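Colleague: Sequence:
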Amino acid sequence: MAKYLVIVESPAKVKTIKKFLGSNYEVAASNGHVRDLPKSQLGIDVEHDFEPKYITIRGKGELLAGLRKSSKKADKVYLATDPDREGEAISWHLSKALNLQDEKMRRITFNEITKTAVKASIKEARDIDMNLVDAQQTRRILDRMVGYNISPVLWAKVKRGLSAGRVQSVALRIIGDREEEINAFIPEEYWSLEASFKVKGEKKPLVAKFYGSEKKKMEIHSQEELDKILKNLEGAKYQVAEVKKGERTKKAPLPFTTSTLQQEASKALNFSTQKTMRLAQQLYEGIDIKGNGTVGIITYLRTDSTRISEEADQLAREYITDQYGEMYAAKKEENGNKGKKIQDAHEAIRPTDITRTPAAMKESLSRDQFRLYQLIWKRFTASRMQPAKYETTSVKIKGGDYYFTVAASKLKFDGFMAVYVQSDEEKPENNLMMKSLDENTELSLENFDGQQHFTQPPAHYTEASLVKTLEELGIGRPSTYAPTITTIIARRYVAKENKNLYITELGEVVNNIMKQAFPSIVDVNFTATFEELLDKVEDGSVYWKTVIRNFYPDLDEAVKAAEQELEQVKIEDEVTDVICEECGRNMVIKYGPHGRFLACPGFPDCRNTKPYLEKIGVPCPKCGKDIVLKKTKKGRKYYGCEDNPECDFMSWQKPSKEKCPNCGGYMLEKGNKLLCADEHCGYVTEKPKEEKE
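Each step along the sequence shown adds one to the number in UniProt numbering, with nothing skipped, and position 371 is 371.
Just so you know, these hints were derived from the structure itself, not from any lab. These numbers were taken from a predicted model, which means no experiment stands behind them. One or more of the hints may lead you astray.
Unchecked claim - For each label pair, taking beta carbons as the anchor points, the in silico distance ranges come out as:
#, residue 1, residue 2, range
1, Pro458, Lys610, 32 to 40 Å
2, Phe597, Arg68, 45 to 53 Å
3, Thr546, Lys410, 58 to 66 Å
4, Arg607, Gln452, 51 to 59 Å
5, Asp45, Asn672, 49 to 57 Å
6, Pro458, Gln101, 55 to 63 Å
7, Phe597, Asn498, 56 to 64 Å
8, Phe597, Lys228, 53 to 61 Å
9, Lys228, Asp523, 43 to 51 Å
10, Ser196, Asp227, 12 to 20 Å
Beta carbons are placed, not taken as given, at the ideal position from N, Cα and C, and that holds for glycine.
Could you build the full structure based on these sequences and the hints that come with them?
Modeller: Structure below.
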C-alpha cells in the first residue's frame with residue numbers, strides 16, 4: 001500500500017516520476033488547474049475587498065474525487081506542480097480543493113525530471129509559498145477585470161464575441177504602431193560605389209568600398225553626387241594608405257531562456273512560439289529512451305535566467321575537455337542578466353545530461369523534437385566554451401582626395417563555433433590576397449560599380465521579433481509570450497503571412513477603440529510597471545490586494561466613461577446601395593470574424609450575405625475601373641481592381657487619384673505625403689489639403 005501521494009500537473013510526468021520513486025509512492029496528475037474564477041460572472045467581490053470566488057473547473061469533479069480518496073489514504077501528500085507562480089497557485093488550489101491539512105501536505109519542486117532531481121526534491125520539501133500564489137492571483141484577477149469590464153464595450157461598439165486582454169491589447173498595439181510606421185515611411189535614395197583594383201601577382205581583383213575624405217565618411221545621396229565624385233577621380237593614382245592588422249573575439253552565447261529559445265527556434269527552425277513551447281514541454285516531461293526508460297531530457301522550459309547550476313557547469317566543462325580538448329573549455333562561469341530583475345529561481349534551459357548528444361538521442365525523438373533538442377544541446381555546450389578568435393585586416397586605399405576601404409577576417413580559433421553557429425551569423429569575408437599588401441603598394445583601377453539603393457521601411461514584426469520586443473519592454477513573462485501571440489492570431493486581430501505579423505481590419509478597429517477609450521491599459525510603460533509590481537508581490541515586499549485596490553477605481557472610471565461616450569455613439573448598421581437579389585432590400589454592412597461583409601437586413605427571413613468591396617473612389621491605373629479595398633485569406637488589407645481576375649492590379653499601399661508630374665505614373669498615399677509608385681522616379685509631395693482633412 002502506497003504511503004505517499006505525489007500530485008503532478010501533467011499525466012505525461014506520472015510514469016516517469018513513479019519509476020524514480022518506487023512502490024511506496026503513488027503518482028497522480030491534476031491535468032493543470034482544478035479551480036478558477038467562474039466564466040459566467042466577474043467572480044471578484046468588489047464590495048468585500050476584491051475577494052476572489054473560486055469554483056471547481058467544469059469536468060474536474062470526478063478527477064478531484066479520485067484525488068481526495070487517494071489523499072485520505074496517504075500519510076503525506078506531495079504537491080509537485082511546475083516550479084513557477086502558476087505551479088505554486090495550482091498546488092494551493094489543490095490543497096483547498098482536497099481539504100489537505102498543513103501537517104499532511106508538502107510542496108516539492110524540481111527543475112528537471114531526472115531521478116537525482118526528483119529524489120532530492122522530496123528531501124527539500126517545504127510549505128506552499130503564498131507570495132508566489134498571491135503574485136499569480138493578482139495577475140489572474142487583473143486580467144479578469146480587464147477582460148470582463150472592457151469586452152462588453154467592444155461588443156457594443158463592434159460586434160459580440162470580441163475580447164480585450166491586458167497583455168494581448170498591448171501586443172496588438174505594438175504591431176499596429178509598427179504598421180503605421182511602415183505605411184508612413186518614405187524611401188530615400190542613396191548610392192554605393194565600389195572600385196575593383198588589380199593587385200600585382202593576383203588573378204582576382206580586390207574590391208573596395210567608397211569611404212569618403214580623409215577626415216570623414218561621406219554618404220552619396222544622388223546620381224549627381226556620384227558623378228561629381230567619379231569626375232574628381234578621373235586620372236587619379238591609387239595606392240594603399242594604411243594596413244591595420246588586429247584580432248577580434250566573438251564571445252560564446254549565453255544558454256537559452258524561454259524568450260531566446262523562442263526567437264532562435266523561429267529563425268533557425270521556422271517554428272511558431274506555440275510549437276516551440278509544445279515540443280520543449282515534451283522534452284521536459286519525459287522521453288522514452290531505449291534502454292533507459294522515460295526521462296526528462298531538458299530542464300524547465302519557462303525561465304528568464306541564464307544561470308546554470310554548478311554541477312551542470314562542471315560536467316559540461318569536463319565533457320568539452322574530453323571531446324574537444326582543454327583549449328576549448330571556458331575557464332569560469334559566464335553569467336548574463338546582471339542588474340536586471342529576473343525570476344532567477346530557475347536555471348537556463350539546458351540538457352539534463354550533456355552526454356546525451358543529439359546523435360545518441362535521434363532514434364528516440366520525432367524529427368521536430370530532435371531539431372529542438374539539438375538546438376538546446378548545441379547552445380548550452382557552446383555557452384561553456386572559449387570565444388572564437390578572428391584575425392582581421394583592414395586596408396585604406398587613397399585615390400585623389402578620396403579613400404576606399406576593404407576589410408577581411410579569417411577564423412584563427414573556432415572556439416564555441418566548433419559546436420554552434422547562430423542562424424543570423426554572417427560568414428567572415430576572406431580576402432587572402434590582402435596578405436600581399438603593405439603601405440604604399442600601388443594599385444591599378446579596373447572599374448567602378450555605382451549602384452542606386454533606397455532606404456527600407458522598418459520590418460514587420462515576426463513572432464521572434466515580437467517576443468524580443470515584449471521582453472525588452474518588460475511586458476509579460478516567459479509563460480505568457482506564446483499564449484499572447486497565439487491569442488491575437490486566433491482572434492483574427494493579427495494575420496501571420498510568411499512569418500510576418502500584420503494587423504487585420506478587425507484588429508485595427510479594436511486597437512483604435514482601446515487607444516481611445518482605455519489609453520492606460522494599452523500603454524507600454526503602464527503594463528511593464530505592472531510586471532514589476534507582480535515581482536514585488538512575489539518577493540513579499542508589496543501586499544497583493546494593494547495592487548488591485550489601486551488599479552480597480554481607475555479601470556472602473558475608464559469603463560464608465562467609455563460606456564457613456566459609446567451610448568451617444570449608437571452603432572447603426574451602415575445601409576448601402578447594393579440591392580439584395582433575393583428579397584430586394586438594401587443590404588447593410590456588418591462585422592464578422594474576418595472583418596466587414598454585406599448582409600440582408602431581413603435576417604432571419606432572408607439570410608443572403610456577400611463580400612463587402614469598399615470602393616475608394618480611385619480609378620485603376622491599369623484598366624480605369626474602380627479600385628476596391630480587399631483582404632487576403634488571412635485578413636491583411638490590400639487594394640485591387642474590382643475587375644479581378646481580368647485585371648491583376650494590386651497594391652499594399654492606398655493608390656491616389658493624383659498622377660506623378662515627373663513620370664505620369666500613379667501615386668501612393670503615405671501618411672501626409674504622396675509619392676510615386678515607381679521608386680526609381682522617387683517623386684514625393686505633400687497631400688492636397690482637402691485630402692489631409
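Colleague: Using the C-beta atoms of lysine 228 and aspartate 523, is the stated range 43 to 51 Å upheld?
Modeller: Hint holds: Cβ distance 49 Å, inside 43 to 51 Å.
Colleague: CB of phenylalanine 597 to CB of arginine 68, is that within 45 to 53 Å?
Modeller: Holds: the Cβ-Cβ distance is about 51 Å, inside 45 to 53 Å.
Colleague: When you take the CB atoms of threonine 546 and lysine 410, is the distance between them in 58 to 66 Å?
Modeller: Given a distance of about 60 Å, which is inside 58 to 66 Å, the answer is holds.
Colleague: Could you say whether the range 12 to 20 Å given as a hint is met by the Cβ separation of serine 196 and aspartate 227?
Modeller: Given a distance of about 19 Å, which is inside 12 to 20 Å, the answer is holds.
Colleague: Quick one: are proline 458 and glutamine 101 within 55 to 63 Å, going by C-beta?
Modeller: The hinted range 55 to 63 Å holds for proline 458 and glutamine 101, with Cβ atoms some 58 Å apart.
Colleague: Should the hint that phenylalanine 597 and asparagine 498 are 56 to 64 Å apart at their CB atoms be regarded as holding?
Modeller: Check failed, 26 Å falls outside 56 to 64 Å.
Colleague: How does the Cβ-Cβ distance of aspartate 45 and asparagine 672 compare with 49 to 57 Å: does it lie in that range?
Modeller: holds (50 Å)
Colleague: Starting from the hint 32 to 40 Å, judge whether the C-beta atoms of proline 458 and lysine 610 obey it.
Modeller: Once the Cβ atoms are compared, 37 Å apart, the range 32 to 40 Å for lysine 610 and proline 458 holds.
Colleague: State, for the Cβ atoms of arginine 607 and glutamine 452, whether the hinted interval 51 to 59 Å holds or is violated.
Modeller: The hint (51 to 59 Å, Cβ to Cβ) holds, given that arginine 607 and glutamine 452 are roughly 56 Å apart.
Colleague: Given the range 53 to 61 Å, decide if the beta-carbon distance of phenylalanine 597 to lysine 228 lies inside it.
Modeller: holds (57 Å)
The structure shown violates just one earlier hint, number 7.
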